[in-house]
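Protein chains in written order, with the working numbering: chain V, 1 to 116; chain L, 1 to 540; chain S, 1 to 317; chain R, 1 to 214.
Incorrect hints may appear among the rest.
Claimed, not checked - The calculated lysine-lysine pairs, modelled on DSS-like cross-linking and capped at a C-alpha distance of 30 Å, are:
{"hint": "1", "chain 1": "S", "residue 1": "Lys108", "chain 2": "L", "residue 2": "Lys153"}
{"hint": "2", "chain 1": "S", "residue 1": "Lys43", "chain 2": "L", "residue 2": "Lys283"}
{"hint": "3", "chain 1": "L", "residue 1": "Lys10", "chain 2": "L", "residue 2": "Lys507"}
{"hint": "4", "chain 1": "S", "residue 1": "Lys167", "chain 2": "S", "residue 2": "Lys108"}
Note that these hints are calculated values from the structure, not bench results.
Listed here are the chains, written in short residue letters.
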Amino acid sequence: MSQRLRHLLLGWALLLVLLAIEFGLSLTPLDRLARTLVLIPAVLMAGIVATIFMELGRGPEAPRLFAVAGLLWVAILLGLGSLDPMTRIVYHVQTPNPTSVSHDFPEPGSERPSRR
Amino acid sequence: MSVTDLHTEKSYLTDGFTLRSWLLTTDHKRIALLYLGSITLFFFVGGLAAALIRYNLIVPEGMIGSAETYNKLFTMHGVVMVWFFLIPAIPVTLGNFLVPLMLGARDLAFPRLNLASWYLFVLAGIVALYSVVAGGVDTGWTFYTPLTSAYSKGHVVATVVAIFIAGFSSIATGLNFIITIHQLRAPGMTWYKMPVFLWSLYATSVILVLATPVLAMTLLLLAFERIFHIGVFDPAIGGDPLLFQHLFWFYSHPAVYVMILPGFGVISEIVPAFSSKTLFGYKFVVWASISIAVISFLVWGHHMFVAGTSLYSALVFSILSFMVAVPSAIKVFNWIGTMHNGFIRFDAPMLYAIGFIGLFTMGGLTGLFVAALAADVHLTQTYFVVAHFHYVMVGGMVSAFFAGLHFWWPKITGRLYPEMWGRAGAVIMFLGFNLTFFPQFLLGYLGMPRRYHSYPPEFQVLNVLSSAGATVLAVGYLLPLAYLTWSLLYGKRASANPWNATGLEWKTQSPPLTENFISTPVVTDPPYHYPRPEVAQHHD
Amino acid sequence: MNLWLPQATTDAAEVDYLIIALVLVSCAILALVFGLILLYMIKYRAGSGVDRGAPPEKTWRLEIAWTVATLLIFFGLFVWGADLYVRLFQPPPDALHIYVVGKQWMWKVEHQGGQHEINSLHLPIGRPIQLVMTSEDVIHDFSVPAFRIKHDVLPGRYEALWFQVEKPGTYHLFCTQLCGTGHASMTGDIVAMPAPEYELWLAQNGAGEPMVAEGRILFMRYGCSGCHGGNGAGGSQSVGAVRAPALAGLYGSPVTLVDGTIVTADERYIRDCVLMPEKRRVAGYPPLMPSFTGQINEENLLRIIAYIKSLTPEMQP
Amino acid sequence: MTEASLTHDFQYSNARHQAESAISGMWLFLASEVLFFGPLFLAWIYSRHWNQSGFDEGARQTDLMLGTVNTVILLTSSLAYSAGVAFIEAGNRRRLIQCCVIAWLLGAAFLVVKFGIEWRHDFSKGLFPGPEFAIVGPLRDGAQLFFVFYFLGTALHGLHMFVGLILVGWIIVRAREFSPGYYTPVSVVGLYWSFVDMVWIILYPLIYLVGRGP
Numbered sequence: 001m002s003q004r005l006r007h008l009l010l011g012w013a014l015l016l017v018l019l020a021i022e023f024g025l026s027l028t029p030l031d032r033l034a035r036t037l038v039l040i041p042a043v044l045m046a047g048i049v050a051t052i053f054m055e056l057g058r059g060p061e062a063p064r065l066f067a068v069a070g071l072l073w074v075a076i077l078l079g080l081g082s083l084d085p086m087t088r089i090v091y092h093v094q095t096p097n098p099t100s101v102s103h104d105f106p107e108p109g110s111e112r113p114s115r116r
Numbered sequence: 001m002s003v004t005d006l007h008t009e010k011s012y013l014t015d016g017f018t019l020r021s022w023l024l025t026t027d028h029k030r031i032a033l034l035y036l037g038s039i040t041l042f043f044f045v046g047g048l049a050a051a052l053i054r055y056n057l058i059v060p061e062g063m064i065g066s067a068e069t070y071n072k073l074f075t076m077h078g079v080v081m082v083w084f085f086l087i088p089a090i091p092v093t094l095g096n097f098l099v100p101l102m103l104g105a106r107d108l109a110f111p112r113l114n115l116a117s118w119y120l121f122v123l124a125g126i127v128a129l130y131s132v133v134a135g136g137v138d139t140g141w142t143f144y145t146p147l148t149s150a151y152s153k154g155h156v157v158a159t160v161v162a163i164f165i166a167g168f169s170s171i172a173t174g175l176n177f178i179i180t181i182h183q184l185r186a187p188g189m190t191w192y193k194m195p196v197f198l199w200s201l202y203a204t205s206v207i208l209v210l211a212t213p214v215l216a217m218t219l220l221l222l223a224f225e226r227i228f229h230i231g232v233f234d235p236a237i238g239g240d241p242l243l244f245q246h247l248f249w250f251y252s253h254p255a256v257y258v259m260i261l262p263g264f265g266v267i268s269e270i271v272p273a274f275s276s277k278t279l280f281g282y283k284f285v286v287w288a289s290i291s292i293a294v295i296s297f298l299v300w301g302h303h304m305f306v307a308g309t310s311l312y313s314a315l316v317f318s319i320l321s322f323m324v325a326v327p328s329a330i331k332v333f334n335w336i337g338t339m340h341n342g343f344i345r346f347d348a349p350m351l352y353a354i355g356f357i358g359l360f361t362m363g364g365l366t367g368l369f370v371a372a373l374a375a376d377v378h379l380t381q382t383y384f385v386v387a388h389f390h391y392v393m394v395g396g397m398v399s400a401f402f403a404g405l406h407f408w409w410p411k412i413t414g415r416l417y418p419e420m421w422g423r424a425g426a427v428i429m430f431l432g433f434n435l436t437f438f439p440q441f442l443l444g445y446l447g448m449p450r451r452y453h454s455y456p457p458e459f460q461v462l463n464v465l466s467s468a469g470a471t472v473l474a475v476g477y478l479l480p481l482a483y484l485t486w487s488l489l490y491g492k493r494a495s496a497n498p499w500n501a502t503g504l505e506w507k508t509q510s511p512p513l514t515e516n517f518i519s520t521p522v523v524t525d526p527p528y529h530y531p532r533p534e535v536a537q538h539h540d
Numbered sequence: 001m002n003l004w005l006p007q008a009t010t011d012a013a014e015v016d017y018l019i020i021a022l023v024l025v026s027c028a029i030l031a032l033v034f035g036l037i038l039l040y041m042i043k044y045r046a047g048s049g050v051d052r053g054a055p056p057e058k059t060w061r062l063e064i065a066w067t068v069a070t071l072l073i074f075f076g077l078f079v080w081g082a083d084l085y086v087r088l089f090q091p092p093p094d095a096l097h098i099y100v101v102g103k104q105w106m107w108k109v110e111h112q113g114g115q116h117e118i119n120s121l122h123l124p125i126g127r128p129i130q131l132v133m134t135s136e137d138v139i140h141d142f143s144v145p146a147f148r149i150k151h152d153v154l155p156g157r158y159e160a161l162w163f164q165v166e167k168p169g170t171y172h173l174f175c176t177q178l179c180g181t182g183h184a185s186m187t188g189d190i191v192a193m194p195a196p197e198y199e200l201w202l203a204q205n206g207a208g209e210p211m212v213a214e215g216r217i218l219f220m221r222y223g224c225s226g227c228h229g230g231n232g233a234g235g236s237q238s239v240g241a242v243r244a245p246a247l248a249g250l251y252g253s254p255v256t257l258v259d260g261t262i263v264t265a266d267e268r269y270i271r272d273c274v275l276m277p278e279k280r281r282v283a284g285y286p287p288l289m290p291s292f293t294g295q296i297n298e299e300n301l302l303r304i305i306a307y308i309k310s311l312t313p314e315m316q317p
Numbered sequence: 001m002t003e004a005s006l007t008h009d010f011q012y013s014n015a016r017h018q019a020e021s022a023i024s025g026m027w028l029f030l031a032s033e034v035l036f037f038g039p040l041f042l043a044w045i046y047s048r049h050w051n052q053s054g055f056d057e058g059a060r061q062t063d064l065m066l067g068t069v070n071t072v073i074l075l076t077s078s079l080a081y082s083a084g085v086a087f088i089e090a091g092n093r094r095r096l097i098q099c100c101v102i103a104w105l106l107g108a109a110f111l112v113v114k115f116g117i118e119w120r121h122d123f124s125k126g127l128f129p130g131p132e133f134a135i136v137g138p139l140r141d142g143a144q145l146f147f148v149f150y151f152l153g154t155a156l157h158g159l160h161m162f163v164g165l166i167l168v169g170w171i172i173v174r175a176r177e178f179s180p181g182y183y184t185p186v187s188v189v190g191l192y193w194s195f196v197d198m199v200w201i202i203l204y205p206l207i208y209l210v211g212r213g214p
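So here's chain V without its partners, still in its complex pose (with noise of 0.2 Å):
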């Protein structure tokens, strides 16, 4: 029982740590696209509430078949789905350092006067 009430604390303690994790990571000066990765942390954070507030792991097999099915088929629509906008019109391509070009010039209407 308590042993069980440990094994919950220490999972929201987790979740708040990785919290603050992409909270910080947001605010780094990281490249637009390179912003993305706060998403990891999130990721982790669900995957956390699943297993330990959810108990994903204990119980009969069904729970996990669903929950890998249910990930799988939303892979296939964000996978598949962006597949045609990020291959349609613009080619992209390799440059040096894509950053450093968007550094030279202010966000237009962005409040913030400089990046950093």
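We have chain V already, so just place chains L, S and R on it with the hints.
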């Protein structure tokens, strides 16, 4: 007299005669009948629209004066047929009735959810019919933006709400089936002892549960855009109309397999039964069903080869589309393999089943035409596509539905339908169908666009042919309605197993008791365990 | 069948070959399926006393056989269709550009020389034609069965479609994307004629200013020349003007955007620059250009683009 | 349900069997829910892909602090409820009720902060997309797309929260029926409650974090 028999003999039908005992029942068998009534109604509503469409196309300038009326007609035909007949038809009627019986269970896992799903379905139907009465929609069942979000004058939101609700009814049914199959299999009923019908319903339910919610959210986004005049599909503010098409087809392509997979299941029951021979390649058929359910989610882009998507996605979706045809081919060959060396009887269900195999094969093969990119460019958006998916959905799914309905009719009603009439119906339906839709392949190749209220004169001959065929097809559909209804009162009483078929549903009386089985059955035989014909002779 | 539907373009025949191949494959499979079904229906009918032999033990060999067979056939068809498709949608550089605007429920066509037509399209045979298409309202689809081509026409962006007509004649033009009440009436005629006749037709219908000239006037009226300089020589040259990129020789050249991506300046790109400058901003220039969304209609936009395309660095004032 | 015995419905062999079915059913429903929110995320990808600067500009208008506070509130609420499940498992009904009440209050707090405070600010700042949209200039369109996503996403999540509150309340009311022998509804509602939490965990960075930053 027959009515009195019904009163005397104990069965789920005689277990209460009040309206309440039907409208508040949680018995999967009674709910199946409630559903059967509702979808039959919608089938004839959609059929009426189809009849008017064919009537209009008899002359190039259109028999129906107004193009707007015509657009509303084919939209209504599409919406009603797709969401209120094709998608629910087999799962909610035969599926509801048979899943627990075939598993040796007493009911579905969540009986009240099952009843709720029927009420949702009825509610959705009422809203849909309201939107028709209130003036209808003219956007086609595909609801492409920005036509639907900004330009159409029709009752888009009402229709969208109807489909939204119907969607949750499907999700509830699918969820119920999956959990039931996981949890309520009788002792000894291992996964590989399950009839293929259950496997195909499992695959169907996977699609229902995982694809329908995507449609729900897509329709919400559409409704939001129509109500607030701004949204994610609006090109004026940098939104992407193609996003709507991606989302819509992510649901609607798998939905095609929701329509056809249960049909596969029905045929996989009937062909062995009437060849009195075990199903050829059971595991291959099973896994073909599952892989169809999965691959069907990877091919939606083939609806958008000329829509302005990127070349790369077109290539990817094209090859995946060819892949999805493979498991379907496997099934066809397995059914034929089942007939080989069998003792084939030609009762109505078998005739419908053979018709299904033929029509579905044609539908599937013409699918290759529209999966091949360059050919699709010419054929898509024409009557070729119309003919193609009617071969799969109407020729395939509806034939399978009638096959199953005749096959299990004695079990459901305890009555035998008049066999001769049944066979006549099967033949007329097959002929009428081909007369109606084969000319449309030619029309499509010649370039006649779909959804046209009027057309250039050179297309008239083929259109008249098609409309003529439609009248034959109509007879083919009205016939069963007549003789099946007749058999309810005057049909011969059916034995527990009139076809000498295997499967637990035939081990209990016809019609079954409310609790399905007197004592929970224990399964020992493999599926389709048909005794060698010599033995079979003694049965008769 | 081909007798009924003319093969007017170079690619039409190729598409037909593919379709014929598909028909043959289908017929073969249908013959197999129906043949076997009929055979078994007769041979193994319940009454017949033929020897059924022993029930089959192993089925997987057969299964693998027909699975692999279908896979191979399908893959062949895929490669064929894909290869042709890629060619169908790769316009050659030297194509004659004709501009098409779809709106409920008509096709508006504008030729280089400023000739307008509605629901008809005159074009010369024997040379590649590239249509630059957009829509003013909903999604339409430009479809010519005799050419075996069609493509959706979307609002807010350009779609390209190309073909080379070989046979002179008049062919059906259909809108094949449901676009509202008048969908079925959004049709027209494609009139393909030998080059001389086409020139003659242009001359007879050359009422309107040439697109380039009209575009030049609009370029001034909308104040583009204020920053981009007359003749789009670039703002830096013209005295007191803001620094704005030169437009002369821009068309077809690669452009580096602020986010580091490099794009080719085609119609689509120029259009975006005018309507959403911020989205396609060129590296090295301040974001001063206002958006012209809702201020220029599609036809005028086409004229301005035609003008910008016509500009070459030599044309300095 | 006439044959339904005290512990389980007639189609199940025993109470445990029924509990497993109910829990599996809820998980399958949640898988379905994931796909329900899927298109919203795809819309996010598309909108941001085509209009990055504007979209991110919209994100900068959101209230990072309130969003983060709400996230902590929700995580804690989920913890409280899970603890409640653990307690009833161990037979401690009083603690179950206490935990559920805490979870309920935290959930309600989330809704107040989200809609009572944050949405009010957003509306007063004229951030609801439409003709009166506050942001003008080249970034207007992208920003509007962002707020379409923002309002739809938060509204739908809020709706799920609202349903969740009703369910948790229903558990509190019925609490006396539960025992270590029978607490299936508690677990099932718990799954739903944590899932709503999960949705927010994904929405939070999409709304407040990715677009922000330098």
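Note to self: What's the verdict on Lys10 of chain L and Lys507 of chain L, does the C-alpha distance respect the 30 Å limit or exceed it?
What the structure shows: holds, 16 Å
Check: Is the straight-line distance between the alpha-carbon of Lys43 of chain S and that of Lys283 of chain L 30 Å or less?
Finding: Given pair Lys43 of chain S, Lys283 of chain L holds - Cα atoms ~27 Å apart, limit 30 Å.
Check: Straight-line Cα separation of Lys167 of chain S and Lys108 of chain S no greater than 30 Å?
Finding: holds, 24 Å
Next item on the list: Given the hint that Lys108 of chain S pairs with Lys153 of chain L, test it: the Cα-Cα distance must not exceed 30 Å.
Entry: holds, 24 Å
Taken one by one, the earlier hints all hold for this structure without exception.
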